[in-house]
Structures are given as C-alpha cells and as structure tokens.
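Colleague: Construct all of the structure, not just a fragment, from the sequences and the given hints.
Listed here are the chains, written in short residue letters.
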Amino acid sequence: MDFYGSHWVLTFLIFFPLAGAVVAALVPERLARSVALGVGVIELLVALPLFWTFDPAAGMQNRIDVPWMADWGIGYRLGLDGISLFMVLLTAFLLPLTVLGSWSYIRDRQRAFYAMLLGLTTGVVGVFVALDMFLFYVFWEIMLIPMYFLVGVWGGKERIYAAVKFFLYTAFGSLLMLVAILYLYFKAQGLTGEATFAYEAFLALPLTFTEQALLFAGFALAFAIKVPIFPFHTWLPHAHVQAPTAGSVVLAGVLLKMGTYGFLRFALPLFPAAALNETTVLIFMSLAVIGIVYTAMVAAVQPNAKRLVAYTSVAHLGFAILGIFAFNLQGIQGALLLMIAHGLSTPMLFFLLGMMYERRHTYEIADYGGLAASVPILSAMLVFAALATIGLPGTSGFVSEFLVLLGAFQTHPYLALIAATGVIFAAYYMLPPLQRIVFNALDRKENRVIPDLNRRELTILVPLVALIIWIGVYPRPVLDRMEPAVSQLIHQVEGGRMVVAPPTDHAAERPPVAAADEERR
Amino acid sequence: MGDGIVNGAAAGFSPFLLGWIVLLPLIGFLVNGAVAIAARRYKPVPLAAASEEEDVAHRHEEHPATPEPIPATPPAWTKSLPTFVAPGVIALAFAIALVNFFRMLGAGDALPVIERYWSWMPVGDLQVDVAFQLDQLSMLMTLIITGVGALIHVFSVGYMKKDEGYARYFAYLNLFVFFMLILVLGSSFPLMFVGWEGVGLCSYLLIGFWFREKANADAGKKAFIVNRIGDFGFLIAMFLIFAHLGTLNFVEVFAAAPEQLAFGGAVVTAICLFLFLGATGKSAQIPLFVWLPDAMAGPTPVSALIHAATMVTAGVYLIVRSSVLFAMAPSASLVVGLIGALTAIFAATIALKQWDIKKVLAYSTVSQLGFMFAAVGIGAYVAGVFHLMTHAFFKALLFLGAGAVIHAMHSALHATHSPRDAQDMRNMGGMRRWMPWTFGTMGVATLAIAGIPPFSGFFSKDEILGYAWSGARGELPISQGSLFGVGGEVWMLLIGVLLAAAALLTAFYMGRMMLYTFFGPNRTGEAESPHLHEVGASMKWPLVVLGVLSLIGGLFQVEADVPIVNWFAAVAIGGPDALYNFLAPVTAPAAAVMAQNIPAATVATHPAWPVLLAIVIGAGGLLLAWYLLKPAALGVEGEEPDYRRAWERILHDKWYVDEAYDRGVVRPVVALSGFFARVLDRRLIDGTVDWMGRAAQSVGMVGARVQSGHVNTYAFVLVVGAVLALFWFSGGFAWLAAS
Amino acid sequence: MLTYYLGLSAILFSIGVAGVIVRRNAIIMFMCIELMLNAVNLSFIALSPYAGIEGQVFVFFVIAVAAAEAAVGLAIIIALFRHVESVDVRNFSLLRW
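Keeping their order, the protein sequence lines are chains Y, D and F.
Residue 375 in numbering that gives the first Met the number 0 sits at position 376 of the first sequence; the count goes up by one each step and never skips.
Residue 533 in numbering that gives the first Met the number 0 sits at position 534 of the second sequence; the count goes up by one each step and never skips.
Residue 33 in numbering that gives the first Met the number 0 sits at position 34 of the third sequence; the count goes up by one each step and never skips.
These are computed hints drawn from the structure, not numbers from a lab.
Please read all numbers here as calculations on a predicted model, not as lab measurements.
Some hints here could point you the wrong way.
For lysine to aspartate or glutamate, the following DMTMM-like pairs were computed, each having C-alpha atoms within a straight-line distance of at most 25 Å [what the hints assert, rightly or not]:
1. D:K161 to Y:D442
2. Y:K444 to D:E163
3. Y:K156 to D:D685
4. D:K213 to Y:E445
5. Y:K444 to D:D217
6. Y:K444 to D:E212
7. Y:K444 to D:D162
8. D:K539 to D:D423
9. D:K539 to D:D355
Ranges of calculated distance between the beta carbons of each label pair, as one might list FRET restraints [as the list claims (entries may be wrong)]:
10. Y:T10 to D:T712: 48 to 56 Å
11. D:A37 to Y:W51: 35 to 43 Å
12. F:A69 to Y:I159: 37 to 45 Å
13. D:P286 to Y:L181: 56 to 64 Å
14. Y:Y182 to D:G708: 40 to 48 Å
15. Y:T10 to F:V61: 49 to 57 Å
16. Y:E199 to F:A67: 51 to 59 Å
17. F:A67 to D:A733: 36 to 44 Å
18. Y:D54 to D:A75: 53 to 61 Å
Cβ atoms here follow ideal geometry from the backbone N, Cα and C, with glycine treated the same way.
Modeller: Okay, structure coming up:
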C-alpha cells in the first residue's frame with residue numbers, strides 16, 4: 000500500500016486524532032495529556048512528509064471516491080492540492096504545540112479537554128481535504144461542537160455567552176450554505192438524473208447569473224462569518240478572550256482559515272461569474288479594506304491583550320480577503336501565504352499570552368510592565384511575535400502582505416493604497432501595548448518574581464520562530480508548491496466566469512455580468 | 000535576468016567574499032545575542048521584596064520562582080567576548096570591503112556586479128531574488144557603514160563598559176550593521192526594504208535600550224511609527240513601479256523606466272514622490288523629522304552610528320540609487336530639493352536654542368540631511384553623496400565627542416549623586432581643560448561642519464551651494480523643470496538662499512555648542528569637577544581617527560574647475576574630482592536621461608564669489624558666536640532660564656511641531672479609535688448581533704408562556720382538544736355549518 | 000345491557016378526567032389516571048363479545064402497564080415529596096421553558 004501516494008494518508012490524518020480522542024477520554028486523568036501529545040506528534044510526523052511527497056504538477060492528488068450513502072450520491076471523496084496542502088500541514092503542526100501549551104494551563108477535566116482538542120482536529124483536517132459537498136458540510140459543522148465546549152467549559156468568566164455566540168453565529172451562516180448546497184444537488188440531479196454531491200460535478204453545473212449570485216451569497220455569508228470579514232467579526236473577540244490558550248490558538252491558527260479556504264475552494268470556483276462580478280469584488284475588497292483599517296484602530300485601544308490580538312486577526316484576514324478578490328497570482332498566493340503566516344505569528348502571540356496568564360492570571364495590559372527586566376526571554380519572544388505580526392521584513396508576515404498588496408494594487412490601486420496604511424496602523428496597534436507590557440519601569444512586585452520561560456514553553460515557541468523566519472527569508476518552497484494550484488484555479492475561474500447559462504425561466508432577464516463584460520470591452 | 004547583470008569574469012571584477020561582509024555582522028549578532036541570554040541569568044534579581052509577599056506570586060510546581068541560586072555578577076566572559084566579537088566582525092567586514100574597493104578601482108568597470116543567493120519571492124511576473132548588487136555607490140556606502148561602524152563599536156566598548164546590558168547592546172548594534180548592509184547592497188527594492196525596516200527595528204530597540212525609563216521607550220515607539228509612515232510611501236512606490244514596469248530589480252527598473260515611462264509624467268512623478276515620502280521618514284525630513292530628536296534617548300554611540308552617520312542617510316542613498324527615476328521627474332526632484340532646503344533652515348533654527356548637547360547635534364543632523372536632500376533634489380547626486388560621506392565623518396565624531404563629554408559628566412555627577420543633567424550644556428563649561436583630545440577632535444569636526452577650508456565639510460557643502468547657484472542661473476537640467484507653474488531657476492534660487500542661511504546658522508549653533516561646552520568657567524560644581532577626566536584609549540582613538548577623516552575627507556572630491564577649491568587639487572586624494580569620477584557610472588544613466596529629454600542645458604560655469612561667500616558664511620557664523628555669546632556669564636541649569644525672549648521660546652520649544660502633531664493627528668486618531676471600539680463596534684455592530692439573538696429569544700418567549708408547567712392545565716387543554724377532535728370526526732362541524 | 004356497561008365506563012372516565020383537571024394533589028391525580036385506565040378496561044371487556052377476544056388481551060396489557068406506571072409514578076411522587084415536602088403539583092413547574 001502506497002501510503003503517501005493514496006488517500007490513506009489523508010484518511011489517517013482525519014481519523015487518527017478521532018481515535019486518539021477516544022483513547023484520551025478513556026485513559027486515567029493524568030495520562031490524558033501525554034496521550035494527546037503522542038497523538039499530536041504522530042499526526043505531525045505523518046503529515047510532514049506530505050511536504051516532499053506532494054507533487055505540485057499533479058494537481059489534486061491523494062484522491063479517493065467511494066460511496067458512503069450511495070442512494071443520495073454522498074461519497075467519501077477526499078483530495079489534496081497546493082491550496083489545501085499547507086492548511087493540513089499547519090493544522091498538524093499546531094496540534095502538538097497546543098497540547099504542550101495546555102500542559103499546565105488545563106487542570107480540570109483533562110480527559111474531556113484533550114478529547115475535544117483532538118476531535119476538533121478531525122473536523123478541521125476534514126474540511127480542508129473534503130471533495131464531497133456533503134462530507135465538507137459534515138466536517139464544517141462537526142468542528143463547531145468541540146470548539147463550543149472548549150470555549151464553554153474551559154473558558155473565562157463569560158465563557159457561556161462567548162461559546163453560544165460563537166456557535167449560533169457561525170451555525171447561522173452555515174445553514175444558508177446548506178441550503179445552497181442542496182439547491183446545487185437538486186439542480187445537478189435534475190440535469191443529469193444522477194444524484195451526487197461531488198465537488199467536481201457541481202463545478203460543471205450551468206447556472207444562470209441570478210442563481211450564481213444567490214448561491215454565492217449563501218456560501219459567502221458562511222465563509223465571511225468564519226473569516227471573519229467586517230462587519231461579521233464581533234463573535235471573534237468574545238470567543239478569543241474567553242477561550243483557553245489552546246482554543247485561541249486553534250481558532251486563530253486554523254479555524255479562521257476555513258473561511259478563506261472556503262472562498263478559494265468553493266465560493267469562487269463554483270460561482271465564478273457572480274464572485275468575480277465587478278460589484279461583488281468591490282464589495283468584498285472594500286469590506287476587507289475597512290476591516291484592515293477599522294479593526295486596527297479598534298485593536299489599538301483595547302485594554303485586554305487577548306482582545307487586541309483577536310482584532311488584529313480580523314485585520315490580517317482582511318489582507319487575505321483583499322488578495323483573494325484581487326484574483327491574480329500575487330494576490331492569491333499572498334493570501335495563502337498570509338494564512339500560513341498568520342497561522343504562525345498569531346498562535347505564537349496567543350501562546351505567549353497564555354504563558355503570561357499562567358504567571359500573572361490576567362490579560363489586562365495595564366497589569367504588566369517592564370517584563371524585559373524580569374523575564375527577558377519571554378519578552379524577547381513577545382517582541383519577536385509582535386514584530387512578526389506587524390509584518391516586519393524577514394518574517395513571514397512581510398512576504399505575504401507584500402504579495403497581497405502588490406496583487407491588489409494591480410487591480411484596485413486606490414483600495415490597495417488605503418489597505419497599505421495598514422502597515423502604519425499595525426505599528427500603531429502593536430507597539431504601544433508591547434511597550435506597556437515589555438518595556439517601561441518594572442513597577443509591580445508581582446511582575447518581578449515571575450519565572451522566565453521553561454523548556455516546555457521554549458519547545459513550543461522555538462519551532463514557531465524558526466518557521467516564521469524561514470518563510471520570511473526563503474518562502475520559495477512554499478510558493479512553488481502553491482503556484483500550479485493557484486494558476487489552475489485562476490485559469491478555471493476566469494474561464495468559468497464567461498460561461499453563464501442563459502436564464503431559462505426568466506427569458507427577458509439579461510445576465511448582468513455579460514452586460515458588464517460587454518461594456519468593459 | 001536582465002542584460003545589465005554581468006558576472007564577475009566578464010566585467011574584469013569579481014567581488015571578494017561579498018556575502019561575508021553581510022554575514023559577519025549577523026554572526027556577531029547571534030554570538031552576542033547568545034551571550035546576552037546567558038548573561039541575563041546572572042543579573043541580580045530583586046527577589047528580596049518577594050519573599051515576604053509570597054501570595055503575589057502565582058507559582059505552580061512547574062514554575063519555581065528560583066530554579067537555582069543566581070550569582071550576583073556575571074562571569075567575565077560575558078563582557079570580554081562581546082568586546083572582541085562585536086567590533087571584530089565589523090572590522091573584518093570593513094577589511095573585506097576595502098579589498099573589494101581596491102579591486103574595483105583596479106578593474107575600473109562601469110557595471111554593477113550582482114551576486115545571487117536564492118530566489119526570494121518568485122510569483123508569476125514578480126521575480127525577486129536575495130541578491131547583492133555591488134557597484135560604486137553601494138561600495139562607498141559599505142565602506143562608510145563598516146568603517147565608521149567599526150570605530151563606533153570600538154568607542155562603545157569604553158562607553159558601555161559598565162552597562163548591565165553590554166552584550167545585548169552589541170547584539171543590537173551588530174544586527175543594525177547587518178540590516179544596513181542589506182539596505183545598501185540589496186539588488187532590488189523589496190530587498191532594500193528589508194534593510195530599510197530592519198534598521199528601523201534596530202533603531203527602535205536601541206533608542207529604547209534603557210527601556211525602564213518610559214520616555215526612552217516612548218521615543219523608540221515614536222521613531223518606529225513615524226518611520227512606518229515613510230515605509231508606507233516606499234511600499235506604494237514599489238507597487239507603482241511593479242504595476243508599470245513589471246519588475247522591482249534595480250537594474251531592470253532603471254533600464255526600463257526611460258523607455259516605458261513618460262518623462263515628467265504623472266506615474267514617474269508619483270513614484271518619486273512616494274519614494275521621497277519613504278525617505279522623509281527614514282531621513283527625518285519635513286514632515287516626518289519629529290522622531291529623530293527624540294531618538295537621542297538611546298546611548299550616544301547609537302546616535303552617532305544610526306542617527307547621524309548611516310541609517311538616516313538611507314533616504315539620500317535611496318534617491319541617488321533611483322536617480323534615473325528622479326531625473327525623469329523634475330517636479331518631484333524640485334519638491335525633494337525644496338523640502339531638503341526647508342528642513343535645513345528649519346532644523347537649524349531649532350538647534351540655536353537647545354541646551355541639551357545631543358539635541359543640538361540631533362537638529363544639526365536633521366539640518367545637514369536637509370543639505371543632502373537639497374543636493375540630490377537639484378540633481379547634484381554626487382554632491383549629495385559627498386556630503387553624506389563627510390557628514391558621516393564629522394557628525395559621528397561630534398556625537399562620539401559629545402558622548403565622551405557626557406561620559407565624563409556622568410561619572411562626575413554620579414560621584415556625588417548629583418541629580419543634575421549630564422547632557423545639559425549649562426552644567427558643562429571649560430571642559431577643554433580636562434578633555435583636550437576630545438576638545439581638539441570636536442574642534443576639527445566643528446570647523447568641518449561650519450565649512451571652513453580645508454576641512455571636509457567645506458568641500459561638500461560648497462559643492463552643494465555651488466550647484467544651487469548654478470541651478471538658479473538655469474545651468475542645471477532640473478532648472479528646466481517647474482513646480483506649481485514656477486520655473487526651476489526660481490526654486491533653486493530659493494533653495495540656494497535657504498541653504499546659505501542654514502549654513503550661517505549651522506556655524507553659529509556649532510560655535511555656541513563648543514563655547515558653552517569647552518570654554519569659559521566650569522559649571523559642573525565644586526565637588527564634581529575634580530571627577531571630570533579624559534576618556535580612555537578605546538574611546539579616544541576612534542575620535543582621533545574620525546578627526547583625521549574629518550580633516551582630509553574633503554580631499555576625495557576636489558572640484559577641478561571651481562576657483563579657490565581647486566587650490567587643493569594638488570593634494571586631492573585620488574586626483575581631482577575623484578569621487579565624481581568614481582561614482583560617474585552610477586549617475587551616468589540619470590545624466591543621460593536628462594540630456595536626452597531636456598534640450599541643451601547650458602554647461603555650468605563656476606565663478607569665485609559663491610565659494611568666497613560660503614567661506615565668509617562659515618567663518619562669520621563661528622565669529623558671531625564667539626563675539627555674541629558669553630559663556631562666562633552663563634548660569635547653571637536652573638539658574639539660566641531655558642529662554643529669555645518670545646522668539647527664543649518658540650525655537651526652544653521646537654516651533655511646537657510635536658504639539659501640533661499631537662493635537663492634529665495623534666489625539667484625533669486615538670479618539671476615533673476609542674469611538675470605533677466603544678460605540679461603533681460594541682454598541683452598533685455587536686449590539687445588532689446581540690439584538691438579533693434577543694429578538695429570536697423573545698419570539699420564543701411568547702410560545703413559552705403557554706407552557707405553564709401545571710399538569711392540570713395541560714390535561715384540560717388535552718381534554719378540550721380531544722373533545723373537539725371527536726366533534727370533528729363525528730361530523731359535528733359540518734352539521735353546525737349546515738344548520 | 001351493553002349500554003349500562005358503556006355508560007358506567009363513560010362515567011368513570013369522566014370522573015377521572017375531572018379529577019386530573021381539577022385536583023392539585025399528585026396522588027389523587029394519579030388515582031384518577033388509574034380510574035381512567037380502568038374505565039377503558041371496562042369498555043374493552045364489555046365490547047369483547049362483539050368485537051373479538053383481542054379486547055380482553057389488551058386489558059392485560061393495560062393492567063401490566065398500569066402496574067409499571069404506578070411503581071414509577073409513586074416513586075417519582077415520593078422523591079418529589081422528599082424534595083419539597085409536598086405533593087401539590089403547583090409546586091412542580093420546574094420543567095417549564
């Protein structure tokens with residue numbers, strides 16, 4: 000059996016954490032974290048070779064297509080391409096780190112906690128590799144449950160409010176997507192007589208512009224809430240502030256990426272004419288730009304460090320949306336790279352905040368000050384993470400933001416111009432709190448006696464630092480693996496947007512996109 | 000790659016260990032950083048207070064507060080290792096740079112040599128490599144950075160000797176040199192930007208080096224944020240270049256620009272203006288100069304290296320590097336020249352009334368950078384670079400000298416625990432008695448900056464003034480440009496007048512600084528003055544070397560066709576116009592662009608009077624200071640008021656620019672942020688979400704009211720329902736309806 | 000004859016219904032439910048000569064279920080009584096909403 004040449008590697012990556020979750024739930028309480036760590040490390044070790052075995056030229060690979068509920072055309076369909084590869088790797092990479100980050104943070108109900116954490120991974124990996132719309136939806140929703148409990152059980156004071164808000168808000172968006180998926184399913188059945196939920200079958204569907212627009216809206220709302228795009232972002236700060244470190248790390252690291260991934264994998268290719276319609280593009284890019292500037296300003300005045308980082312996430316993901324809707328090689332590759340960069344730097348910040356919380360039991364910026372004098376290594380790490388977050392050249396953040404802005408500038412220079420002020424606002428939101436935490440006088444006794452990072456904590460942070468610098472200095476291996484998939488996507492969508500089915504029932508209605516296209520020519 | 004790139008063999012010049020020039024400082028950073036981390040464990044930890052307040056420390060078993068007993072003082076190697084490594088790597092880099100320089104001289108080739116290392120951002124059309132471009136300009140900058148840098152590293156050994164962050168300091172300083180070298184050696188705009196932001200980072204860390212003082216950390220933060228505004232301009236310029244030329248590599252951009260962009264067109268003008276916005280941030284020009292004076296919060300050698308000799312001149316380097324673009328945009332060039340001249344005079348006025356010796360030098364730096372920008376703005380690229388070089392010598396010397404004075408003052412005041420300010424000139428006076436070497440070398444630097452022949456500043460400043468006069472007579476290509484409908488000559492006349500006035504003020508405030516510091520009676524105090532002393536060898540010899548360079552630095556570029564100046568042609572190093580000839584290959588494309596697009600710019604002629612005027616201005620300023628100011632009558636800090644007259648107050652308070660920015664920019668942005676966060680985000684957006692949740696809940700509540708929870712009610716409803724159902728099935732309703 | 004049986008059954012059932020609706024004592028309500036069950040049993044048996052023997056079989060089922068129900072129901076009432084010292088159903092509205 001060729002493990003890396005077949006679907007088995009993906010199947011393993013999806014279901015191994017689930018099996019691990021069951022084991023973690025059954026072993027004695029004190030062993031749960033060790034089990035989870037073991038599962039995480041194995042998951043990472045198994046996922047890692049994908050980086051080399053992945054063949055960029057081969058397109059979608061490691062595929063499988065077997066019936067699951069054959070009567071309804073639901074199949075177990077998986078596949079991996081240059082867009083999903085790094086999301087899977089990122090998920091696997093963060094898993095053992097989150098376990099280590101929770102090592103001493105989580106003290107009660109450890110079995111349940113680690114079972115939830117591992118179960119969450121199953122859902123996330125599944126989302127990134129599913130090529131069956133029903134299967135995708137199942138993974139998409141299933142991942143809400145462990146996350147709900149992670150926030151709701153092990154969270155802070157207002158955890159219930161935050162968890163319910165997170166659950167309802169995101170589930171609400173997903174339901175419209177479900178409707179859209181079902182519409183596509185029945186449409187496909189009506190046209191071909193064959194029931195199927197296969198992603199590729201949906202790609203080939205002829206849709207009128209109105210259909211595309213409505214279905215796109217259904218998908219886009221689900222993804223926009225998940226990303227989150229301004230103004231659908233308000234669940235995120237609540238969830239982040241209340242979530243335990245591991246929850247925040249997974250949330251920022253991979254869950255948000257499901258939204259941007261959804262745009263790239265589903266919303267754009269399925270409804271090219273609606274998605275790349277000039278108005279749609281303008282709406283999304285404007286929202287992205289507003290998100291970048293607005294949330295940066297909101298972040299700057301937050302007294303709570305975790306809330307601040309949560310808002311910066313919205314600003315960063317705004318860059319990703321900007322790059323995706325710029326829809327050129329630089330923009331999309333930049334967006335993908337940004338998803339990785341953000342998946343490294345923001346988790347690093349959350350880990351560090353968690354470590355500070357373990358020492359001082361507060362996230363309030365005002366409770367810190369002068370840490371550089373008492374805990375220099377923690378401070379150095381915090382400075383590094385903050386600088387990586389604001390995209391200092393040499394870190395992964397710079398390359399990605401640069402590519403996104405470069406791509407966006409070619410299509411919408413004025414919006415890109417405003418978005419580029421994000422680099423100023425980034426310094427504006429990150430440096431003052433950094434100063435108030437790390438620098439200034441060490442005037443509180445509590446801050447003097449805290450210990451510096453221990454080996455376990457360094458084990459979490461050093462790989463993150465290394466990856467951030469590596470991608471910042473030599474992103475080529477990553478870019479090279481993405482490029483064929485991205486150009487194929489662009490090619491396919493650009494080709495698809497011209498093919499709009501003529502309206503059947505409303506013969507008089509003219510597809511607006513065709514009209515717009517004619518005007519442009 | 001493009002045609003312009005020639006590998007070593009064909010050009011007759013192969014770079015020697017080029018990568019190591021950059022790598023060595025990085026190695027230094029890593030070593031010193033490791034030492035800094037190792038040394039911090041020996042730092043005295045203030046645990047005494049903690050033992051009685053056990054409850055404040057939240058400790059787990061996994062976080063023992065004291066893992067092991069910590070010795071109070073670090074072992075000697077944590078100081079001796081950085082002492083040798085940090086200056087050593089820079090000196091080694093300088094040596095390699097020198098080898099390359101002489102090879103380059105011997106080869107005499109005109110083309111840049113590009114050494115590729117790896118492909119950095121290959122995305123579609125965008126191909127950015129990590130590659131270094133060695134040509135005459137980057138060579139010169141590399142020599143300045145490593146040469147002056149090595150001297151300042153040596154000086155720092157003495158200056159920072161007693162600081163507990165010794166290794167950390169050298170780690171930052173090495174890292175700075177690393178990024179600065181990337182800035183000047185990078186072969187593309189993005190790579191240059193890496194260095195550009197990297198030096199900003201090091202500047203941030205070094206300004207806030209003594210971070211326990213909030214003011215220092217504030218200054219570092221301010222520098223970073225203001226620089227980011229400039230970086231925004233740099234980014235936009237890069238996007239514009241890529242959007243119109245499809246590449247960001249220097250060689251390709253400058254080859255394609257004259258063909259693909261319209262001369263004087265909107266695009267190239269916009270590119271240049273955005274680049275210049277970047278330059279104003281890094282090089283502290285109007286309107287973004289406000290961070291540099293605050294940056295004096297850092298250790299003084301840092302001010303010398305970063306905020307005088309190297310980093311702040313990056314903007315000048317950027318413009319000379321992009322001279323082809325600026326030559327194509329005469330209007331933008333005039334803006335550069337005008338802003339430079341305005342900055343020169345503006346900062347010079349502020350320097351007149353500062354008491355802090357470093358503040359005087361800081362505003363002096365801003366002013367001198369203005370001179371450089373004025374030069375490159377009017378198309379005198381070599382003159383700008385020349386002044387950059389001489390300024391690097393004499394301003395580094397001035398800062399190091401000031402550092403030596405502060406060092407002496409500090410130890411004197413420290414000996415009696417006096418709370419007075421070691422940097423305030425009112426507490427100094429008569430220092431030449433204790434510090435003859437410092438006085439002598441700083442005197443040389445003062446004569447140089449004032450523009451007294453034959454000191455270096457005379458040659459470079461005179462060249463800039465000479466070009467401005469030529470331009471005012473319409474003899475420069477840029478004179479043919481116009482700005483706001485006004486011709487280039489008029490602007491250049493204005494630039495020339497402003498610069499001349501700034502030169503006069505420069506001589507005056509430098510004379511003032513020297514007088515108050517080194518002449519007159521000593522005001523340090525009875526008890527303190529015996530503790531004043533000359534600096535040690537590691538600090539003295541860098542001063543001497545820089546003094547020699549400040550003395551002879553001007554001889555690298557003696558204009559052969561300018562009267563009076565050409566008297567020195569015989570002793571010119573490398574022959575007359577050496578720098579001009581050396582840099583000619585770099586500036587030639589710009590000259591070619593101008594020659595091609597501007598019809599018959601007249602050849603410059605050089606009368607003697609501007610040179611004479613420059614000498615008179617320089618000497619006059621010093622003499623004026625000598626006769627007007629009475630150091631003997633000066634009171635100490637506290638007695639002597641900050642200002643006496645209203646205009647002095649305005650100058651002392653820096654024209655209230657900081658206050659204006661605070662009211663006009665900072666506070667509105669913060670207020671708007673607060674409004675966004677508290678009202679728009681919490682109330683409106685999140686409020687709407689919560690409201691929708693509550694609305695759904697209240698709809699549910701209506702139904703919930705029916706569920707009283709009383710079994711009897713339920714049973715009653717059930718019975719009524721059953722009766723009605725029976726009635727329905729038995730046809731009762733139909734019967735009722737029928738009857 | 001059948002009319003009397005069915006009439007008795009209807010009366011018994013109505014008494015049961017009225018008891019459940021009107022009374023607040025859980026035990027009495029419980030007994031009223033039993034009463035309704037037995038009213039139904041009576042009509043089953045009364046009708047079995049005409050409708051078939053299945054009616055009598057059903058009675059056994061009902062008796063069995065009623066026995067089980069009595070056991071569980073009384074246990075719940077006792078548990079509730081221990082909790083609130085009352086068998087008044089007005090106190091037991093915790094499950095609403």
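Colleague: Which of the numbered hints above does this structure break?
Modeller: none
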